[in-house]
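> Let the sequences and hints guide you as you build the complete structure.
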Amino acid sequence: MLLEFCRWLQYSAPLHAMRDSPIFFPIVATIHLMGLAIIGGAVLVVDLRLLGFGLRHQPAAVIAQDAERWLLRGLAVMIATGILLFMCFATKYYYLTFFWVKMAALFVVIVFTWSVHRRVAMGQDVDTRPLRSRLVAMTSLLLWTIVAIGGRYIGFP
Amino acid sequence: MSLFRFFEWLGTTSWSIELHESRYVFLLVLMIHVLTLSVFVGTALMIDLRLLGKTMIRVPVSQVVARLFPWSEAGFLVMVITGALLFYAAPVMRYTNVFFRFKMAALLLAVVNVALFRLSVYRRVGDWDVDPVPPRRVRMVGVVSLVLLALIITAGRMMAYQDYWFG
Amino acid sequence: MRMTVKILGVIAALGLLLAAVPARAHHSFAAAFDENHPINLQGTVTKVELVNPHAWIWIDVKGQDGTVTNWGIEGGPPTNLLRNGITKTSLPIGTEIKLFGYQAKSGEPKGVGVFVEYLDGRKVFMGGSAPGADGNPTPKKE
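Chains as they are written, first to last, in the numbering used here: chain P, 1 to 157; chain L, 1001 to 1167; chain W, 2001 to 2142.
A hint or two may mislead.
[Claimed, not checked] Just the calculated beta-carbon pair ranges, DEER-fashion:
hint, chain 1, residue 1, chain 2, residue 2, range
1, L, I1017, W, L2119, 24 to 32 Å
2, W, Y2118, L, L1010, 31 to 39 Å
3, L, V1125, P, S12, 49 to 57 Å
4, W, E2049, L, S1002, 20 to 28 Å
5, W, E2049, P, S115, 24 to 32 Å
6, L, S1002, W, G2121, 47 to 55 Å
7, P, S12, W, Y2118, 34 to 42 Å
8, L, L1119, P, T97, 45 to 53 Å
[Unchecked claim] Okay, the calculated bits of chain W under chain L, using three or more residues with CB under 8 Å as the criterion:
hint, segment
9, 2046-2054
10, 2068-2079
Quick caveat, the hints were computed from the structure, so don't treat them as lab data. Even for Gly, the Cβ is constructed at its ideal location relative to N, Cα and C.
Here it is, written out as structure tokens:
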């Protein structure tokens, strides 16, 4: 059933015309990478702070507040381009284990970021409960890294 | 000996061939190179956004620069090392790749942009350190940096399509 | 929200700008292959490049009129071919093999390979960008 949907997505007429252009994929892939940079910066600025590095003289909540807006923008770019990329190779990705690993990890990290991570980063106890802050930051970085590595595995031919 | 001849010879060295034909190493180096852009460009991006007054406007610019720039430098180092390895795997192919040359030019300009900023405008940071939106001169540096970083990413990704555009 | 729209707008403009760059070359990398032009080749191996990120197999194909064309077929990275059983020594120069894949959009004698077929019938998938190169069934387009 899902395979049928992937086949339809990959080969339906209007989308296929877009795909047929040889420059479509490279350009979308490039923009996908720019999204990676945005997410990278937004995530690092907060998690470095939680770990006691980076902007450690600033209140964590202030950093987290500003970074959240950019994380959302970065995600918007990556998800939009990600969907377009998927449409180019939907049936191939359907069979790729790492694609599903990445999707699962992405779901988990989004849930984690907007629940536990957010509560800790925007709370008052970042510096008074350093162990908790570091744990949350390391979990966040680990999850994002899994998403990123999964993405590269998909990218390999 | 010309540069081209040197790179030709470099490509015949055993380690270059091994890297080019490797089962895992090349792909691992490539993965690290691509993913580390999230650190190198990511942190540079946050600094540039501060220069533009688009993020962390309550944080002094000097703090953002002093505390984040070292991380961008660390990312940059990893990218240069992995990049050198990727180059070494097929020196002539890279050297003759138009997008590679463009990427290196953009990279050089990006470094020069940062150096000039630090040596001139940034010297007076005390004047506008706590301004939410820094003066125009400063914002221009941010814009130039962002554009160059975008071009670097684009050129890097397009290297795989050299044959299509310039074959 | 408005900023996000602005950003997506800038990026869309960038994308359009990139797309506007004229394709000066009439040659096309095999990465721009045509799914409507499957190719069935049979010929003798002239070169095997087991390199990253894409391996290449080159064969001399004799046309019906006797002319010999050297075709280059792209596969996945060495790790994929090695996993499927192709090593540097599996296809010595002069070996007669068959290749199935899709031709480059430019019409050059190049393409992306789906599988290598030995004359005894054994098929080895080339793992690359071609549909089906991973060995999975490819649902046909309508």
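> Confirm or reject each hint.
Checked hints:
The beta-carbon spacing between L:I1017 and W:L2119, approximately 30 Å, falls within the hinted interval of 24 to 32 Å. Roughly 36 Å separates the CB atoms of W:Y2118 and L:L1010, a value that falls within the hinted 31 to 39 Å. Checked against the given bound of 49 to 57 Å, the beta carbons of L:V1125 and P:S12, roughly 55 Å apart, stay inside it. A beta carbon spacing of about 25 Å between W:E2049 and L:S1002 agrees with the range 20 to 28 Å that was offered as a hint.
At roughly 50 Å, the beta carbons of W:E2049 and P:S115 sit outside the given window of 24 to 32 Å. For the hinted restraint 47 to 55 Å between L:S1002 and W:G2121, the CB-CB distance of approximately 50 Å keeps it satisfied. Judged by the Cβ atoms, the range 34 to 42 Å given for P:S12 and W:Y2118 holds: they are separated by roughly 37 Å. Separation of L:L1119 from P:T97 is about 51 Å and conforms to the stated range, judged on CB atoms against 45 to 53 Å.
With 4 residues carrying a beta carbon less than 8 Å from a beta carbon of chain L, the segment 2046-2054 of chain W meets the three-residue requirement, and the given coverage holds. Interface restraint, the segment 2068-2079 of chain W with chain L: holds (3 residues with C-beta to C-beta distance below 8 Å; minimum three).
When each numbered hint is compared with the structure, a violation occurs for hint 5 only.
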